[in-house]
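Use the sequences and the hints to build the structure in full.
Note that the working numbering has the sequence shown beginning at 741, numbered continuously upward.
Watch out, some of these pointers could steer you wrong.
[To be verified] Below 20 Å or equal to it, Euclidean Cα-Cα: the simulated SDA-like pairs (lysine to any residue) are: (1) K826 <-> L792; (2) K766 <-> K826; (3) K784 <-> M768; (4) K820 <-> V793.
These aren't lab readings, by the way, just hints derived from the structure by calculation.
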Amino acid sequence: MKEGEYPETPNGITTRKFKDTIRKWKRMVDSLGVGVLRHKTKNKKWNSEEKLVLVSKILAGYSYNSVALDNGINYRTLYKWVQKYKEKGYNGLVDEKKERPRKVPIMKENSSPKPLKESEREELIR
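Written out as structure tokens, the structure reads:
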């Protein structure tokens with residue numbers, strides 16, 4: 741395949757979508773290097789100061805796509821950060837700890853168990 745030629749479009753995707761994706765990857769490689777296309781084993785954790793820098797670029801007039809591509813993040817993520825900043829200010833960018841709800845509720849420890857009935861006591865002895 742020569743430079744400037746697109747590979748054959750795979751089944752299940754439109755030619756336009758395929759070419760748009762190739763162009764997006766090309767811009768990412770030009771901006772951040774080939775490593776940006778490698779699968780990450782763990783996503784980067786952005787702190788609130790880093791988010792604020794990116795949000796400030798958007799508010800200064802840069803496009804979502806250019807800021808997102810230059811920093812290797814999805815533009816939708818950046819859009820959400822900007823919306824949170826507009827709604828709540830800097831506090832909207834601070835991560836709230838999200839814990840997964842427990843599957844089994846914590847059982848309260850019974851300090852004084854009920855006395856066993858005679859039949860229950862015999863069952864335990866056997």
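Taking the hints in turn, this is what the structure says about them:
| no. | hint | in the structure |
| --- | --- | --- |
| 1 | K826 <-> L792 | 11 Å, holds |
| 2 | K766 <-> K826 | 32 Å, violated |
| 3 | K784 <-> M768 | 17 Å, holds |
| 4 | K820 <-> V793 | 14 Å, holds |
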